[in-house]
Amino acid sequence: MKKIDRQVADTHGLPRKNGELVFQAPWQGRAFGLAVVLNEKGAYPWDEFRAGLVEEIAKGEPEYYESWLNALESLLLDRALVTRDEVERRAAEYKSLERDPVF
Amino acid sequence: MTHDHHGHGHDGHHPEAPSDVEARVLALESLLIEKGLLKSSDVDEVISAFEHDIGPMIGAKVVARAWVDPAYRERLLRSGSEAVRELGFDYPASTQLVVLENKPGVHNAIVCTLCSCYPWPVLGLPPVWYKSAPYRSRMVSEPRAVLEEFGLRLPAGVAVNVWDSSSDLRYMVLPERPEGAEGWTEEQLAAIVTRDCMIGVAQPKVTENAAAR
Amino acid sequence: MGGMQGFGSVRPETDEPVFHARWEGKVRAMAQRSFGRYFHLDEFRHAIERIPADEYLRASYYEKWLIATQTLLLEKGVITEAELAAGHALHLAPNPAVARPAPPPLHARFKSGDRVVTKVIHPKGHTRLPRYVRGRHGVVRTVNGPFLLPDANAHGKPPDWQACYAVEFGARDLWGPDAQAGDRVCVDLWESYLDPEEER
Numbered sequence: 093m094k095k096i097d098r099q100v101a102d103t104h105g106l107p108r109k110n111g112e113l114v115f116q117a118p119w120q121g122r123a124f125g126l127a128v129v130l131n132e133k134g135a136y137p138w139d140e141f142r143a144g145l146v147e148e149i150a151k152g153e154p155e156y157y158e159s160w161l162n163a164l165e166s167l168l169l170d171r172a173l174v175t176r177d178e179v180e181r182r183a184a185e186y187k188s189l190e191r192d193p194v195f
Numbered sequence: 176m177t178h179d180h181h182g183h184g185h186d187g188h189h190p191e192a193p194s195d196v197e198a199r200v201l202a203l204e205s206l207l208i209e210k211g212l213l214k215s216s217d218v219d220e221v222i223s224a225f226e227h228d229i230g231p232m233i234g235a236k237v238v239a240r241a242w243v244d245p246a247y248r249e250r251l252l253r254s255g256s257e258a259v260r261e262l263g264f265d266y267p268a269s270t271q272l273v274v275l276e277n278k279p280g281v282h283n284a285i286v287c288t289l290c291s292c293y294p295w296p297v298l299g300l301p302p303v304w305y306k307s308a309p310y311r312s313r314m315v316s317e318p319r320a321v322l323e324e325f326g327l328r329l330p331a332g333v334a335v336n337v338w339d340s341s342s343d344l345r346y347m348v349l350p351e352r353p354e355g356a357e358g359w360t361e362e363q364l365a366a367i368v369t370r371d372c373m374i375g376v377a378q379p380k381v382t383e384n385a386a387a388r
Numbered sequence: 077m078g079g080m081q082g083f084g085s086v087r088p089e090t091d092e093p094v095f096h097a098r099w100e101g102k103v104r105a106m107a108q109r110s111f112g113r114y115f116h117l118d119e120f121r122h123a124i125e126r127i128p129a130d131e132y133l134r135a136s137y138y139e140k141w142l143i144a145t146q147t148l149l150l151e152k153g154v155i156t157e158a159e160l161a162a163g164h165a166l167h168l169a170p171n172p173a174v175a176r177p178a179p180p181p182l183h184a185r186f187k188s189g190d191r192v193v194t195k196v197i198h199p200k201g202h203t204r205l206p207r208y209v210r211g212r213h214g215v216v217r218t219v220n221g222p223f224l225l226p227d228a229n230a231h232g233k234p235p236d237w238q239a240c241y242a243v244e245f246g247a248r249d250l251w252g253p254d255a256q257a258g259d260r261v262c263v264d265l266w267e268s269y270l271d272p273e274e275e276r
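As they're listed, the protein sequences go chains A, B and C. Here the first sequence is numbered in our numbering, starting from 93 and rising by one per residue. Here the second sequence is numbered in our numbering, starting from 176 and rising by one per residue. Here the third sequence is numbered in our numbering, starting from 77 and rising by one per residue.
Some clues are possibly wrong.
Examples of chain B residues lying across from chain C (beta carbon under 7 Å, computed) [said to hold, decoys possible]:
#, residue
1, Ser205
2, Lys306
3, Tyr310
4, Ala320
5, Glu323
6, Asp339
Quick caveat, the hints were computed from the structure, so don't treat them as lab data. A virtual CB, placed ideally from N, CA and C, is assigned to each residue, including glycine.
Let the hints inform the model, and build the full structure from the sequences given.
Okay, here's the thing in structure tokens:
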């Protein structure tokens, strides 16, 4: 049974219903999962991700998971786990359906 | 909505172009997989754990199991923490869980007047109202009035037992199985057990939607 | 808080967020990281109780946490007034030295069904004998523990492990004839809060 990281569960503002996490679209779940998995694998401490999240939210983006994604991207770029160039190219390939956009 | 035909052979089923956010997430995930930093299944596991395994769904599953399995029910009432672990959930050793059984004529509810003790491992984070001054002060002195505010009116023949939690124990209510839920699977049963039922300010309801599942 | 008058309706929010503002999450995180390192949960509860009454009633849930955390960290020398004023650290925090010992075997004075009376105490220090059940007659429902007596634990005294009982009181005994006959309130009480009924 997967152990829940309480730090992650306590992250501010995670949309919930009846106490449980709510993802309004599959991409939100994926973005959430990516951030958590990378933390679990030691790519960055959770505090660092959370600090970036708080900064992004402060910019005023109303959609919680948009801020989440922005924070994740910034962190991955900062830590050179991906480059801006390759992310943009890859995203374009998905948008144009050159790559099969299956979640 | 245009459907260009760059999509690979799906026998007439053409995928829609993803939105910008979707494309960004897809890009990140696929790149990270290629770099060997994670697998898709890692992400699946995390999503599943956080969506389903945390919060009141744990309590709901415990209740559903007790409803269908009388021997489990006995073990649950004898030692709540152990019975929760039996289903594969983590119950920390620092506090003990005591499960309160609702029966015909007896309705239980929980409160912490001195602070806000709450069975986090089975119910998730407590709602604001549970921690509020009105609930903490009024639940011990006028529980029926508070329950009415939650939309729950109990007949005079049902005794209300309020449990004031103030030690290393945490309480959780085992509600009565409602009429109209005979023959249901555990999953169907768990779906009608809300957090409020396990605090004792609501009762599980059999709605048309729930019955149809 | 049990039984205090003058509070309004309970007002549940539907689908409320877990934290209403960013700072609340930070306060919770700070407090949680301090439990077991710089102070016990019981000291924390006592610090909240020490908040002056008018501030206590005005403060929101997480404001109380913030005040309590700050108070304890100051008292323990983890942070100083100067650092709070400066807004950043000026020296290293002391090494935390808080460890919980394992509980001893349970020796319970009372058993299920025993009739007991709660003590009438109004201690200045931290206690978890709620006001509304002081000097009341009740019946022991269940025996639990041993747990650390929070009064001693709250002031850094040596650990006092005691049996803890769920004691049942009749609602009418507590609140008078307006309460429903047959309704009960069961309260978790440490052994030293109780006397056997025949002694009083």
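Each hint, compared with the structure:
no. : hint   : in the structure
1   : Ser205 : violated (31 Å)
2   : Lys306 : holds (5 Å)
3   : Tyr310 : holds (5 Å)
4   : Ala320 : violated (9 Å)
5   : Glu323 : violated (10 Å)
6   : Asp339 : holds (4 Å)
Hints 1, 4, 5 from the list above are not met by this structure, while the remaining hints are.
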